[in-house]
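Visitor: So the chains spell out like this:
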Amino acid sequence: MAEFWQLSPNASTYGADIDRMFYAIVILTGVVFVVVEVLLLWFLIRYRGREGRRAVHTHGNMRMEILWTAATAIIVVVIGVGSRGLWLEIKSPDRFPEPGISLDVTAKQFEWNVTYPGADGVLGSPDDFTARNRFNVPVGTPVHVTLRAEDVIHSFFLPELRFKQDVVPGMEIPAWFEVTTAGEYVVGCAELCGLGHYRMMGTMTALDAADWEAWYTAESVAAAQAAGTLNVASVDNEGSVR
Amino acid sequence: MLNLTRNTRTLAVLFTCTALAACGGGDEAADAGADDTGADAQPQVVADAGSITGSIDFTGTPPTPEPIDMSAEPDCAAKHDGTPTQRAVVVNNGKLANVFVRISQGVQGGGGAPSGSAAVDQDGCVYDPHVVGVQTGQEVEFQNSDGLLHNIKASPANNRPFNISQPTTMTSRQTFNSPEVMIPVVCDVHGWMNMYIGVVDHPYFDTSGQDGSFTIANVAPGTYTVETWHEVYGVQSQQVTVEPNGTAELTFAYDAGMAATAVVPLGDPIDPHGVHASPGAGVSHPAAHATAAGSR
Amino acid sequence: MSVDAQAQEAHAGAGAGHHEEIPWLRRYVFSSDHKVIGIQFLFMSLFFLVVGGLLAMAMRWQIAWPSSQEMPLPGGGMLPDVMVTDGIMLPEFYNALVTMHGTIMVFFAIMPLLVAVWANYLIPLQIGAEDMAFPRLNMASFWLAAPAGILMLASFWVVGGAANAGWTAYAPLSVSEVYSGVKLGQQLWCLSLIILGFSSLMGAVNYITTVINMRAPGLTWFRLPLSVWGLTVTSVLVLLAVPVLAGGLIMMFFDITIGTSFFQPEGGGQPLLWQHLFWFFGHPEVYILILPAMGFVSDVIANGARKPVFGYHAMVWAIVAIGFIGWVVWGHHMFMSGMTPVLGGFFMVSTLIIAVPSAIKTFNWLGTLWGGNIRFHTPMLWALGFVSLFVIGGLSGIFLAAAPVDIPLHDTYFVVAHIHYVLVGGSLFGIFSAITFWFPKMFGRMMNEGLGKLHFALTFIFFNATFFPMHMLGSGGMMRRLYDPTQYPHLQPQQDTNVFITVCALLLFASQLILVVNFFWSLFRGKRAPENPWQANSLEWSAPSPPPHGNWGGRLPAVHRGPYEYSHPERESDYWLQTDPTGAAPAPAPTTSGG
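Protein chains in written order, with the numbering used here: chain W, 93 to 334; chain Z, 345 to 640; chain U, 374 to 968.
This is chain W alone, in the form it adopts within the complex (with noise of 0.2 Å):
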């Protein structure tokens, strides 16, 4: 069996933040549920029922009523502050931080194409290219990324990044990540989307930025060939992103 209760090792900048998140609500969830359990218990041993011995008659107690509805209300509120502004870093778009690199992602059943804006770093243009299923990207900056659906509904699921974001037909939906460790991560469909549900996977290699450099500086010359809008000035200023 796999390590009890853990998340796969963190690979992003906000994911450390999750996880602590995460390790918290498990110390705290963890202490009621020990509590409770071990109450549940101690009363079953204690109060079995025996002959010749009379249940107490109390129809409840006020204090400790409200004192367990005033604990529970402060817990709750406590991990809702908490949690509200990591949530809006992480999703609201206007907190989004300045992006390194923008990528297009457009899923339809049964795969990932990603698409980069190429030399002239403008997605949209001819010498943009694209990358079915295996896609790289840089270590160490914000990756902004809007995603598409051609069909149905699928969602982008990065585990090790702790990213995952419904990818809705209709809509295009901004979204952010940044790598801290190079290494390969898988990408996964983690909304139902059809029979190739289960195999709608990708990997996302994550550069260093040498590597990315090369790699990238690469691709999009290939790419501006290809488009027929190569320019030797274009490259040199433009096509190293970063």
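Derived by calculation from the structure, the hints in this document are not laboratory data. Wrong hints could be hidden among the right ones.
As the list claims (entries may be wrong) - Residues on chain W that point at chain U, a partial pick, calculated with CB under 10 Å:
#1 Ser-175
#2 Val-259
#3 Gly-280
No residue lacks a Cβ here, since even glycine has one placed at the ideal position from N, Cα and C.
Based on these hints, arrange chains Z and U on the given structure of chain W.
Guide: Frame of chain W; chains Z and U shown alone:
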């Protein structure tokens, strides 16, 4: 009765709280009656039968075959020497392969029953053959030799569409009951995979081979119209007369320039991906299949 | 009230005194007697519970031994090629299993087992009425539910197979044959649920009206057993939530059938609209599926502990509070949907707030046990199992409610674990508690205690062994509804866990055989049940076992106190029937006078 009235009043109040739209029942999708085309009739033995042979010539420079990026499917990529390419236009020594050739007019009667089944293999994440003809009622056997998920999505206009999956090495069988030229078939798991099936209600059809040649055998003497279909260069037709026990020769000429103006009849645009790039947008140039292939 | 009683009898078509004359068909099949209808629902929903369980077994088999020639699905050879080809289950059939397991369990097993069975059976008995307010509407409710179930099962055999877009039926997958390969199956799914919706509405109207108008003399609102409170608030939720679902279903049916575009972007529709409609129904539905169980468990725990329910008023207000707050939390199912994050922040807070009444209930159950003289009869074991497992389900909900933590956990097996802890560990354990508690009243015979305890022990063990490891699968990143998890490299190390879970799930399913045996054996061979086998207080225990048509032999019971006066210091015996006229009643002051 006091209580009854009170209950009824409560009921009225509760129902007003709950505005519920009435629902209309629509007609269920009628299962298109599959009329059996006498698949078990015996093959016709034609006296004095002749045959039609010929080849498909191609002039001009064929487009460079589009490379397929199979990096996400290493098992498939390993089955190919070098970079696999799309098979839309295959030209060898001036001869065009993968052209579907059939008699379109002049066949008398049913023309005999299908013999055996047509086989389509999925091997190395490509369809083999790329274009195949079958007779109505004849079985098409789709074999999955890759051992990984393929789905076979056929989008015909006159037949029942199907979308079957093969999660591992296995064989699935399908039949088509109405003539239709051509039916596009795609795999959604591997966006580059596509093929075409021609369904004809007689046995007089063939697909041009790698050398561009074709043969239609066992044809009763008479005059026929022979039609060709290619997914990029469109349709041509010629009249031909078959003498008793004779062999009629036919040559069709395609050239590279035809791609721009070709009309390629297909089933209705059922595949919604067609809007963006992929096959089947009514009259289309399936050369544009490669949504995202290559580039890397 | 005697006027009421006569009216009731006249309305029911036959007087209580001469029930022998009712012909067999009207007595057992097309009956308008609330008890018969409740028992009809019981048999129907237990049947669907088995069907839903079988579907789950097929799914688990595929997950543990995906597309395996060595371990083919037992019985798979009997299924048509469109489901299982050459011994290999097809992914589209797996998706249909996922969909139908969820749909059947939620709508045709748990929901009727909780609401239709016990609201019908218990409400008139626990409030001292002779029948429901609208007995014929009640009969119609069952005779709509049964064909709805048949329609749903039939959809497996139509062209394209059963619906396969998940029990949540997210559009556009669900409304498009091109994407899902299913058309007729999804249409039948919609129709079946629309019909079932009407059935639920007829029931809800009936239950609410009955509780408001037909309580026995002296039975004030705050003398009602918590079962009745749970069922009543649930009925209000049904009444308000089901029409929303029905509306959404009709829109979906139109999208599939006549080409409207409510949920399809190509025609200007919005896929998220379906999610909002579905979850606006769906989250109250979650409470529909737990509130009655909370009520039964409260009754059983008070009975087992021989103590009044701790904080009865707080329990009532907690139920009511859940009924209210339950309306403003639906968005927590949609944190990842692309809905604006600001809205997500709101739903996160409202969802966390709903944890408060749930916690109150848990602590009050503990308070009820404290100082008790606990009898461990089978229903009590189920109720205690409910408390201990509901705690886990509730606490795992906090992970999912905290939106940032939901990012890695959403749509993973963590959610599967959570929902099963709530719906099986919670609702189903509550249902088993209720079945074993009221079986003597329903059928006039006791269930076998030994078999009952064995059934509980095995179910408790295998339930936890099946579902607890799913938390780990989920936090390890295993998505829901995966036909073959071994395809993902990060899930391959967890495959052993999946095999373990499947084995435990099979054992869990097999353990239910004990219940089937016990149920039917006791039905015919069980010890005759006395009127009040558990020495309980509420009104149904003053009626004969089983109660005759009309329940009370023409004399409505009078109520003198609340239902939980166990171990009263002024009395020798440790229980005190609500109908017992002896002794001064130090009952809590009634706040509302009804009846």
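Visitor: Next, verify each hint and record whether it holds.
Guide: Comparing the hints with the structure gives:
no.: 1; hint: Ser-175; result: holds (4 Å)
no.: 2; hint: Val-259; result: holds (8 Å)
no.: 3; hint: Gly-280; result: holds (6 Å)
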